[in-house]
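Peer 1: With chain A fixed as given, assemble chain B onto it according to the hints.
Each chain, written out:
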Amino acid sequence: MPTIEIDGRKLEVEAGKMVIQAADEAGIYIPRFCYHPKLSVAANCRMCMVEIEKAPKPMPACATPITDGMKVYTSSPLAVEAQKGTMEFLLINHPLDCPVCDQGGECPLQDQAVGYGKDVSRFTENKRVVKDKDIGPLIATEMTRCIHCTRCVRFGQEIAGVMELGATGRGEHMEIGTYVGRTVDSELSGNMIDLCPVGALTNKPYRFTARSWELVAGSGVSPHDCVGTNLEMHSLRNVVKRVLPVENDAINECWLSDRDRFSYQSFNSADRLLVPKIHESGNWMETDWETALRYTVQGVRAVLSHHGAQQLGALVTPTATLEEFFLAQKLMRSLGCHNIDHRLRQSDFSDDDIAPLFPTLGSPIEHLEHAKAVLLVGANIRKDQPLLGLRVRKASLRGARVMAINSLDYSFHFDLAGKVIAPPEEIPYALARVVAAMGDSADAPGGLRAWASSEPTQSEREIAELLQQAGKDAHIVLGLSAIAHPQFSVLRGLAQALQTRTGARLGVLAEANSVGGWLAGCVPHRGPVGQDVGEGGLHALDMLREPRKAFLLMGLEPQLDCLESRVAADAVDAAEFVVRMTAFDIEDGVPGDVLLPVTPFSETSGTYVNCEGRAQSTTGVVPPQGEARPLWKVLRVIGNLLDQPDFEYVSSEEVRRELVWDADAYQPHDMPRMLSEPETPANGKGIDVERVLDVPLYKVDPYVRRAPALQATRDNPAPAAYMNSEQAGKLAVENGDRIHAHMGESSVELDLIIDERVPTDSVYIPSGYHETAPLGGVGMVRIVKVS
Amino acid sequence: MLSEQAVNEINREIDKYPPEHKQAALMATLSIAQRELGHLSTQVMDWIAAFLGVPPIRVREVATFYSMYDLHPVGQHKICVCSNISCMLRGSDEVIQHLEERLGVKIGDTTPSGGITLKEVECLGACAGAPMMQVGDAYHEHLTPERIDAILDELENSDA
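As they're listed, the protein sequences go chains A and B. Take 1 as the starting number for the first sequence in the numbering used here and just add one per residue. Take 1001 as the starting number for the second sequence in the numbering used here and just add one per residue.
Here chain A stands alone, though its shape is the one from the complex (with noise of 0.2 Å):
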C-alpha cells in the first residue's frame, strides 16, 4: 500500500483514494463544503485545498489521489491562505441572515467561517439574490443563500436515481432548481436537507419551529417499514420537532426515506388520543384510566363467561413492538385463546405450518446490493421499503439484472432486464412457468404441472436464464403484494423451487415491525420464538370472516390496515365490546366500547427487529403525552386486573429478557409438499376485472396517514380506479368518468384515470384511504359508469 505523510503523521493508505479520505480516515481535518463520502465528486467548492510538496500551487483534496510518499499540508501558510481565499469568495454572495436562518448553530458554513472568514467583509458590490422557488411540500428553499455545491443535484442524480434538481444558468447566473415548476417527489428526497451545507434546503414542516441547539435529541428505530432504519428524534420541550438519520451503514448508510423523516408530525396532531374513552348510551364519554380499565375488564369477563374464550380476538398493529406483541399474545394465550395476529394485510394462511420462524430478506441488508440478480415478485421495492430499493439500485449500477413480475408496472430507478406485468390471479401462473422454464426436476414442489400449464413465454424464459446464470449471487424478493395475493402460499413455495433451483437467496419483506411479531408469537398458530402451541386459534382474516364476540384492537384503524377492510368493519361493528388501545381518537366511524389512549413510537420504550433479524432496542426520546400510556404498560396491567399470572413486569426491558433466539440461525424457507391447486376463477372472465390493490407509501399506517406533510406529496395516488386505455375501451369509459365499483355486495364511486401501468384484465384501486375502504380487499370488480 501507498504511504503518505499527512501533516506530517506518516500513513498507508489503500491506492486509489483521494487525499481526503486519507485524512477523513486519519481524523485530520480538512474543510469541505461539496465533498461527501457517499457522493461523487465535484470539486466546485475549492474549500479543501492543501498543500502538497512538490505541486506548484494548492490542490483539491477531494479531488487529489494520492501517490506513494506524497507530503501533504493541510494547515501549511499556502494551504490556509487558500482555504481563507475560498472562504472569501463563498461569502460574497451569501447572506447574513443566520440569525432567521434554521441551518444556523448546524451550519458547516457558519462554522467554517468562524475558522477561515474575515471578521470585515472587503465586499462592497451588490449581493446577488436569486428568486425562491416552491419545489414541494418537504423542503423549503432560500436559494439566495445557496454556494452551488450540488450536493443535491448529485444526491438525485446518484442516490435517489431521479434528477429533480439541477444546475441552470452560468457563472453568477446559475441557478439550483428544478425542471420549471416542478417538485421534487423523490421518496428520499428528505436527504438533501441533510447534505445541504449551508441554509438553502432546510426542512419545511421543522421551519422555525425551533433552534438546533434548543434541541434534545433521542435515538429511534422507524416502525414504518422492515428495515429498522436508526433514528434520532430532536425534541423540544417534550415535543418531537424533527428526525433525522443515525449513520449505520449495515442498515440505512446514512439516508432516510421521507417517511421515517416526517412521520412524527403524527405525534403533535390534533386527533392523538389524550384520555380514556367510554362509550355510553350513544355518546363518548371522557374518563379516568382506573374507570377505563375496569370497564375494558368487566366487558372482557362479561364475554368471557357467557361466550367462552374463542369468542375473543385480538388484532395488532405491524407496527407494534417486539415487547407489545409479546404482551398481547401472552395476554390472549393465559385467557386460553389463540385468536391473535398481526398478519392484518395477509389473505392467504394455508403455509403457515412450514413457515420459517419469520420472515426475513435471507441475507444481511448489504448483502443486497452485491447481488448479481434481482427477481422482485409482487414487490415495489422503491417506495415500500425506499432504504432496500437503494440497495437494488446500487446493485443494479453494479450490472445486477433486476427483473420483476409485479401486477402494476411501478416505475423503477433501476432499469428492469425483465419483466412479468400480468393481473394478480396470473402472478402465480407465471412464477410457476419461470420454474418449468429451468426444466424438469424431481425436486420440484408438488402440482407445479397444474400451473406451469402452459409454455413459458419468452420473458419469463430470459428471468429463469438470468437467474440461473446468477446462481447462488442472485436473490428473489417477495414483496408486500405478493404476501397480500391470495395465493401467496404458492408464491412462496414456487420462490421457495427457484431458490431450490438456483441457489439463490430468498427474502419475504414483511411489513413494519412484522418480524418481531412473528418472534414475539403475535401468530396464532406459534408462540414466542415458535413455540408450539397445539391446535392454535384463528388468523387476522378468519378472526374478522367469522366475526368473534370481542375484539381487542392495538394499533390499528381496521377499516385501513386491514386487507379486507370492508370485512374488518362489520366484524367490529358486529361485535358485542370492543377494546381499542389507540394513539389516536377514531374517525373512522368503527365504533368500538373503551378507547385507552397508547402512545406512538417516540414515547415508549420498546424492540423492533428488522428483516435480517437484527433487534434494536430504543428508548422513549419524550414522555407520553397527557394521560397516554405505552401499550405494553396497558397490557401489563389489563393483564394484573384480570388475575393473570406473571404479569408483574417493570420495565420493558424485562419483557424482552423473556425473549431469547438465535438471530444468526437463518432458518430456510420448507419446501412445501404441494402446491395448493389452481382455482377457476368464481366470475370468469367476463366483464368483471381484477382488482389490483396495493397501500401507498403515506398510507401504511395510523402515523404516516396523519402526517400532513407527507400527504401533500404526490406520491400518494388519488383513492380513484385505474386502468389502461385498452380496458377502458373494452368497457367504454373515459379517462375523468364517474364509475361504480362494485365488489360484491358494496360498492363505491369513483373516479376513473387512465393509467397504462395497469394491465388488461385489472384495475388498480388502491387501498388505506377511507374512499376505497368500502370496497374491502382482493377480488373481481365490476366497473359501471355513473349515469
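Keep in mind the hints are simulated off the structure, nothing from the lab. Among the clues, some could well be false.
Below 25 Å or equal to it, Euclidean Cα-Cα: the simulated SDA-like pairs (lysine to any residue) are [claimed, not checked]: (1) A:Lys633 to A:Arg673; (2) A:Lys131 to B:Gly1108; (3) A:Lys131 to B:Val1062.
FRET-style restraints, in silico, Cβ to Cβ [claimed, not checked]: (4) A:Arg9 to B:Gly1108: 49 to 57 Å; (5) A:Gln469 to B:Val1007: 32 to 40 Å; (6) A:Gly736 to B:Lys1106: 31 to 39 Å; (7) A:Asp111 to B:Glu1094: 27 to 35 Å; (8) B:Lys1106 to A:Glu749: 51 to 59 Å; (9) A:Cys98 to B:Gln1097: 33 to 41 Å.
Here's a subset of chain B near chain A, in silico, CB distances under 7 Å, partners left out [stated by the list, open to error]: (10) Thr1042; (11) Gly1053; (12) Pro1056; (13) Ile1057; (14) Arg1058; (15) Arg1060; (16) Glu1061; (17) Thr1064; (18) Phe1065.
C-beta: ideal position from N, C-alpha, C; glycine also.
Peer 2: This is chain B only, laid out in the frame that chain A set:
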C-alpha cells in the same frame, strides 16, 4: 414536434456515440431544434428529453449554460455582445450602452418591430479583436460606436 429532416439529423448525431451515451448528442440536438423552431420552448425541451432519454432538468441545464441557445423567441437578427474579461477591458460596456441607446431596447430584449434581439454572451473566442459582437453567424471585431452604427445601418437596410 420537429420535421422529419430534423429528426433524421438528430438520429445521425446520436449514431456518432455509443448507444448507452445517447445524451452526448444533446448539444447538437438543441442546435438542430433551435435552427428549425427559432427558439427552445419548454415543450421542445421536454420532447428532446424524452427522445434522448435524459431527465428534462438535464436538458434545461445545458440549454441555460450555453448562451447560443435561446429559450425565448428572438428577432430576425440576433446580436450577441461578448462582455467577458478581454472585451470588458477593451470597452464592451460602452458597446452595450451604445447598442441599447441606438436600438432603444435593453440587453435580452427585442426591438418592437421584431427585427433585432440584443444578447449579452460569454467569451466567443475572439479576444484578439476585442471588443466584439456576433451578428447572425458573422463576427465583428474592434468595435467603435461608428462601426456599430455602420453595421446596424446595413442590417436595417437589408430588411427594407
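Peer 1: So, for every hint listed, does it hold in this structure?
Peer 2: Do the hints match the structure? See the list:
A C-alpha spacing of about 43 Å is found between Lys633 of chain A and Arg673 of chain A, which places the hinted pair above 25 Å, so the restraint is violated. Annotation: proposed proximity of Lys131 of chain A to Gly1108 of chain B holds, straight-line Cα distance about 18 Å (limit 25 Å). Taking the CA atoms of Lys131 of chain A and Val1062 of chain B, the gap is near 20 Å; set against the 25 Å cutoff, the hint holds. At roughly 54 Å, the beta-carbon separation of Arg9 of chain A and Gly1108 of chain B lies within the given 49 to 57 Å, and the hint holds.
For the pair Gln469 of chain A and Val1007 of chain B, the supplied restraint of 32 to 40 Å holds, since their beta-carbon distance comes to about 38 Å. Hint check: Gly736 of chain A to Lys1106 of chain B, Cβ distance near 45 Å, so the stated range 31 to 39 Å is violated. Distance hint for Asp111 of chain A and Glu1094 of chain B: a CB-CB separation of about 45 Å, inconsistent with the stated range 27 to 35 Å. The beta-carbon spacing between Lys1106 of chain B and Glu749 of chain A, approximately 56 Å, falls within the hinted interval of 51 to 59 Å.
Checked against the given bound of 33 to 41 Å, the beta carbons of Cys98 of chain A and Gln1097 of chain B, roughly 39 Å apart, stay inside it. A least Cβ separation of about 5 Å between Thr1042 of chain B and chain A falls short of the 7 Å threshold, and the interface hint therefore holds. Checking Gly1053 of chain B against chain A: minimum C-beta separation of about 11 Å lies over 7 Å; hint violated. Interface restraint check: Pro1056 of chain B against chain A, minimum CB-CB distance 4 Å, threshold 7 Å, status holds.
Interface restraint check for Ile1057 of chain B: the shortest CB-CB distance to chain A comes to about 4 Å, inside 7 Å, so the restraint holds. Given the 7 Å rule on beta carbons, the hint for Arg1058 of chain B holds: about 6 Å separates it from the nearest Cβ of chain A. At its closest, the beta carbon of Arg1060 of chain B sits 5 Å from a beta carbon of chain A; the interface hint therefore holds under the 7 Å criterion. About 4 Å separates the beta-carbon of Glu1061 of chain B from the nearest beta-carbon of chain A, less than 7 Å, and the hint is met.
Evaluation of the Thr1064 of chain B hint against chain A yields a held restraint, the C-beta minimum of about 4 Å falling below 7 Å. Interface restraint check: Phe1065 of chain B against chain A, minimum CB-CB distance 5 Å, threshold 7 Å, status holds.
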